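Novice: Sequence:
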Amino acid sequence: MGDELAVPFDKKKSHPAALTTKKYGVGIKELVNTSFSREYLLMKRNSFVYYFKFGQLLVMAFATMTLFFRTEMQKKTVVDGSLYTGALFFILMMLMFNGMSELSMTIAKLPVFYKQRDLLFYPAWVYSLPPWLLKIPISFIEAALTAFITYYVIGFDPNIGRLFKQYILLVLMNQMASALFKMVAALGRNMIVANTFGAFAMLVFFALGGVVLSKDDIKKWWIWGYWISPIMYGQNAIVANEFFGHSWSRAVPNSSDTLGVTVLKSRGFLPHAYWYWIGTGALLGYVVLFNFGFTLALTYLNSLGKPQAVLTEEPASNETELLVVEANANKKKGMVLPFEPHSITFDNVIYSVDMPQEMIEQGTQEDRLVLLKGVNGAFRPGVLTALMGVSGAGKTTLMDVLAGRKTGGYIDGNITISGYPKNQQTFARISGYCEQTDIHSPHVTVYESLVYSAWLRLPKEVDSNTRKMFIDEVMDLVELTPLRQALVGLPGESGLSTEQRKRLTIAVELVANPSIIFMDEPTSGLDARAAAIVMRTVRNTVDTGRTVVCTIHQPSIDIFEAFDELFLLKRGGEEIYVGPLGHESSHLINYFESIQGISKITEGYNPATWMLEVSTTSQEAALGVDFAQLYKNSELYKQALVGLPGESGLSTEQRKRLTIAVELVANPSIIFMDEPTSGLDARAAAIVMRTVRNTVDTGRTVVCTIHQPSIDIFEAFDELFLLKRGGEEIYVGPLGHESSHLINYFESIQGISKITEGYNPATWMLEVSTTSQEAALGVDFAQLYKNSELYKRNKDLIKELSQPAPGSKDLYFPTQYSQSFWTQCMASLWKQHWSYWRNPPYTAVRFLFTIGIALMFGTMFWDLGGKTRTQQDLSNAMGSMYTAVLFLGLQNAASVQPVVNVERTVFYREQAAGMYSAMPYAFAQVFIEMPYVLVQAVVYGLIVYAMIGFEWTAAKFFWYLFFMYGSFLTFTFYGMMAVAMTPNHHIASVVSSAFYGIWNLFSGFLIPRPSMPVWWEWYYWLCPVSWTLYGLITSQFGDITEPMADGTSVKQFIKDFYGFREGFLGVVAAMNVIFPLAFAIIFAIGIKSFNFQKR
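7 is the number of the first residue of the sequence shown in the numbering used here; add one for each residue after it.
Calculated directly from the structure, the hints in this document are not laboratory data. Among the clues, some could well be false.
With a cut-off of at most 30 Å between alpha-carbon atoms, the simulated DSSO-like pairs for lysine-lysine come out as follows [as the list claims (entries may be wrong)]:
#1 Lys115 with Lys59
#2 Lys1057 with Lys225
#3 Lys428 with Lys815
#4 Lys221 with Lys1061
#5 Lys873 with Lys221
#6 Lys873 with Lys271
So the derived label-pair ranges between C-beta atoms look like this [what the hints assert, rightly or not]:
#7 Met936 with Ile229: 38 to 44 Å
#8 Trp868 with Glu1023: 32 to 38 Å
#9 Val118 with Pro465: 43 to 49 Å
#10 Ile1080 with Pro344: 49 to 55 Å
#11 Lys225 with Pro129: 41 to 47 Å
#12 Val118 with Glu1023: 46 to 52 Å
#13 Asn420 with Gly813: 18 to 24 Å
#14 Met936 with Ile857: 15 to 21 Å
#15 Ile1080 with Lys962: 21 to 27 Å
#16 Glu1023 with Ser309: 48 to 54 Å
Just so it is clear, the structure is predicted and the values come from calculations on it, not from any experiment. Cβ coordinates follow ideal geometry from the N, Cα and C atoms, glycine included.
All chains should be built: construct the whole structure from the sequences, respecting the hints.
Specialist: Below you can see the structure in the form of structure tokens.
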């Protein structure tokens, strides 16, 4: 056999169709066509970005042409030529910076590209070619909006040929910038790293482009940078096009050169007309080169972050051990912090939203779209309820309504907590909500996440030692102790695995010590093992006596039967089964099989799947019934069946539990969990559900939305609230042992097929209660439910639980938040400290970038700070300050935006949980930046001040540090403010870039204040950069009385040319404080006032 295998197989003997011989599934032509179609579609859907950029260019063009207005501009002297040079430079930079938006948009698309490239969808060049070619028309439009509007208003040479030559140059500059930033994005592969690379490249090209530092003053060790700078070629080309025109052809006294050539020589530009064609050719070459570099980076580089699972010391266990434990093993086990069990009841809850415009256009007459149609139910302590239904039934909608998480829409009906009307402010203190998305701060540990949640959510009377003991208990409960010091990380990139994050989500809620916990699909996205671990966590939570409700979707049999009760909704938002599952979902199966026309569940089939299949709207139509009405007419509806807690003890792996724990440390009585098992495999889902079960068993009220759970997860719940599509409940009641109550209810409906042995009751339940089943059976499951005894029992239970217990009092807390404003500030600052300290891609990269820029500037402007003989000497000194303020400031603003954006998402969850108000969070976010920016300013100042050679006096040195620090803070807080005022950091970066351009234009470097038209001088005083340059120049040179080469003193020159007065320095210093303070206040107001979440 070995000899036979050693001989290579003869390819001629194989069938031609046996093996593929092509690398890609379709031909290159089809790949290219498809890629072009997709890119065009993406551009159409991102049309807002392009329209915004067009508008931004129009505004900038208007500002530029009115600032450099032709009636104010002369063509008589070299100084006049310098103003035109500034106008041309700014127009060129407008098109250059306009391409920066490509950076964030490219990075946003990279994860999809890497996945498709690795799966051999297409080669990298097929992906990179369409963005290049399809953006060419955009470049023509953007260049036209700039050139054709500004050219004649500013008063450039009136030759129309030179207008079109300038236009072509601007098109190439825009194309070059777009290609450059796409290449930088592909090389960086991360917003912070790419922003750093992009800023560094722009800085080299910008500083060595021949404007900030003239060619004659560039040190010999940096001259190579001058010759590789695309800006140098663009600038030399555009000034050659202008100053060799007829308008500049007049002779200069005592010189053989024209005025135009004299202007070029005075600024160090290359005084030859052919440089237009050299510059144009060079830019075209850079367009090709950078696009080629973009393609190479896409071909050979991989994503920076790969999903990582944290290795733990948790003991291995097989599926049986994970999923099958004694039901009462942890039942009602005490914890160091007592809590008061609470039930939650809701009667005739209707939720509607404004009718979508698309439906109005299709002829819909109603003003509102009803998503929940009068659902009724009750969730009780120690009972694990599954909230299920087909997609669109309203599971998460109902959970959000009950938990008070809806940000829009209209809610009607009665919701009570232990008999008293629900008040959201007090309810947030006794409830927890485990979201499906597992949102956490990435740079803190598991333990720190729980400490932070407990610190802010437990009552102030709980001392720190008790709080720590409670956190340890919660970590044991959700089995996170081995992960105590693990960093949370970013989902799919680093830190905790999906299942560990879900357990952390549960733990974050549990440390709030809630009585009621809602979990939204705790097992979604997990494999079977991870889902089982999560379900074990859920079960452990229930067994503490808490009320736990989970939404769940398509659970396995094991997960489904971990629930005690089921609340089943049909499409449209009506409940069709609310009651116990029973042993092996027997109650559920019996209920549905009793409906005439429902097929019996086959042996071994998942009751959860069967339930959904037989309760569809098509089944209703086929059976001629309304499952919601059937339920309301059933005995199940009339009175509550206290279901058996079931054999829970489901195994828990490690992700949804953190969210539960974070809520638990706040010691809530009621916890909402939005699909706590969503995205988990069976094992992980079971572990999360064990956490949920443990939470319930502490005596809390826990409500979970859940979608298609496994049998194990489904039967971990005590009760079920089932909605059909349209928002009507079709089952509200106990699940029973192995979902027996649920099965009995549905099997009792005529036409519902019996569940087969071993089939997942959760699946069966959803299958038999679909709209197609309704249609097939000719019934309305919601109506069947309303006619059932189950419905009548539930209404009696709601009525009973809606009455306050004798001697009880309504929930009352003297303050809205558990902790004082000062404690909220300190806790938020504590978390921000660890988040920043453990975020080297942000903090360390910023310092390394600053040091690199400082050394680069120091060598570029070496020993120029002490030279004051000529106007160019002062221009070089100001250029060093101008470039540092602009580029380090832009880098600070750009790099802080993704950091703030990530933390803002966490803030939305934590504020909704009642942890703190917006102001302490904003205070911490602002205050944590100040020491880091201070170190940045000191490091930069020490290096640059010494290398450039400014005068070494204590006053001048500290003035320099003061103005640099204020400028860096201004840009940092402005970047944060832009995020607070916009939905995400991509839009924030686009919006910000418009103001950066305006600040650049009015900074006083391109055109000094005395040369500005009177109608624009007011904005000079509103520009933060102008105040910074005023302070830096005046503090360094405002007291120098030595004469320059023309006999004018330095002090007098900066007063006459720039308008800077030494006596005004105190006001300038005050403005250096006012600007960052103003942006910080607006950031805080924006965080408080705007919520861009849509629920």
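Novice: All hints are to be evaluated individually against the structure, with a verdict given for each.
Specialist: Okay, the hints, checked on the actual structure:
Simply put, Lys115 and Lys59 have alpha-carbon atoms about 20 Å apart, close enough for the 30 Å limit, and the pair holds. Simply put, Lys1057 and Lys225 have alpha-carbon atoms about 27 Å apart, close enough for the 30 Å limit, and the pair holds. Under the criterion of a C-alpha separation no larger than 30 Å, the hint pairing Lys428 with Lys815 is consistent with the structure, at around 13 Å. Proposed proximity of Lys221 and Lys1061 is supported: the alpha carbons are some 27 Å apart, at most 30 Å.
Of the supplied pair hints, the one linking Lys873 and Lys221 holds, its CA atoms being roughly 17 Å apart against a limit of 30 Å. Among the hinted pairs, Lys873 with Lys271 is consistent with the structure: their alpha-carbon atoms are about 20 Å apart, no more than 30 Å. Against the hinted window of 38 to 44 Å, the Cβ-Cβ separation of Met936 and Ile229 comes to about 39 Å, which satisfies the hint. Distance hint for Trp868 and Glu1023: a CB-CB separation of about 36 Å, consistent with the stated range 32 to 38 Å.
For Val118 paired with Pro465, a C-beta distance near 46 Å keeps the hint of 43 to 49 Å intact. Distance hint for Ile1080 and Pro344: a CB-CB separation of about 51 Å, consistent with the stated range 49 to 55 Å. Checking the proposed 41 to 47 Å range against Lys225 and Pro129 shows it holds: the Cβ atoms sit about 44 Å from each other. For Val118 and Glu1023, the hinted distance range of 46 to 52 Å is satisfied, since their beta carbons lie about 49 Å from each other.
Range check, Asn420 to Gly813: Cβ separation about 22 Å, and the 18 to 24 Å hint holds. At about 20 Å, the CB distance of Met936 to Ile857 agrees with the hint of 15 to 21 Å. One distance hint, 21 to 27 Å for the beta-carbon pair Ile1080 and Lys962, holds here, with the actual separation near 23 Å. Distance hint check: the CB atoms of Glu1023 and Ser309 are about 50 Å apart, consistent with the given range 48 to 54 Å.
In the structure shown, no violation is registered for any of the earlier numbered hints.
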